[in-house]
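From just these sequences and the hints, can you work out the full model?
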Amino acid sequence: MCTPAAAAAQPERHPYAAPVAEAAQRFGIPELWIWRVMHAESRGRIGAVSHAGAMGLMQIMPATWASLTARHRLGSDPFDPRANILAGAAYLRAMWDRYGDVGLMLAAYNAGPGRADAYVAGRRGLPAETRAYVAKIAPELHAAGEIAAIAAPTLPSTGWRGAGLFIAPLGAVDTPRSFESAGKTATTSGAGSPLFIPLSGIHQP
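Residue 80 in our numbering sits at position 80 of the sequence shown, and the numbers go up by one each step.
No lab work stands behind these hints, which were simulated from the structure alone. Any given hint might turn out to be false.
With beta-carbon atoms standing in for the labels, derived distance ranges [claimed, not checked]:
1) Gln25 <-> Ala132: 26 to 32 Å
2) Gly28 <-> Ala143: 16 to 22 Å
3) Ala66 <-> Asp97: 16 to 22 Å
4) His142 <-> His72: 25 to 31 Å
5) Arg45 <-> Ala128: 22 to 28 Å
6) Ala128 <-> Pro15: 31 to 37 Å
7) Gly122 <-> Ala21: 36 to 42 Å
8) His51 <-> Ser76: 20 to 26 Å
Even for Gly, the Cβ is constructed at its ideal location relative to N, Cα and C.
What follows is the structure, encoded as structure tokens:
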């Protein structure tokens, strides 16, 4: 099982240590982000496939994989550990650059940036599964104390960042389901790129 604590304690002994280190360096994000998302998404199972079709260690949706491998030349096998880890790290970095906020980065990774954008704009609440996903992972990423080392983009001055991510009333939260098909791009800012489509979607690894 790929537990972040075990991997951090003895990284040289973990079978994914080398690709995680490579991905962290290549895309400029902390290794802990990759370990923690990998654990949450697949529990370290190489061949994991969700009911929504997300694949591998980092649970990459097929259309997202196609975009990422074309952009970063990751090869043809989405279940290859190195390629899958690189793809997940690339997407995490893209979501960090898009939002500059760990909670929204994770929400977009789980539910897609279109849904995260709708939340930021106040049009829709986040799905219950996504809220639980972010609540579980985000504190660990913040506690790592590595975020300051990442160059964050200029954040919008719309006031959304001052609002709590987990304070919406239960009635405003949708039940978990898939909100965007694997081939559908977001219709908000950044949607011109095929990269901005749901990654893991709303799924149980």
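Outcome of the hint check:
In this structure the hint that Gln25 and Ala132 lie 26 to 32 Å apart at CB holds, the actual value being about 31 Å. At roughly 20 Å, the beta-carbon separation of Gly28 and Ala143 lies within the given 16 to 22 Å, and the hint holds. For the pair Ala66 and Asp97, the supplied restraint of 16 to 22 Å holds, since their beta-carbon distance comes to about 20 Å. Range check, His142 to His72: about 27 Å between beta-carbon atoms, so the 25 to 31 Å window is met.
Between Arg45 and Ala128 the C-beta distance comes to about 24 Å, which sits within the given range of 22 to 28 Å. Taking the beta carbon of each, Ala128 and Pro15 are about 33 Å apart, inside 31 to 37 Å as hinted. In this structure the hint that Gly122 and Ala21 lie 36 to 42 Å apart at CB holds, the actual value being about 39 Å. Checked against the given bound of 20 to 26 Å, the beta carbons of His51 and Ser76, roughly 24 Å apart, stay inside it.
Checked against the numbered hints above, the structure breaks none of them.
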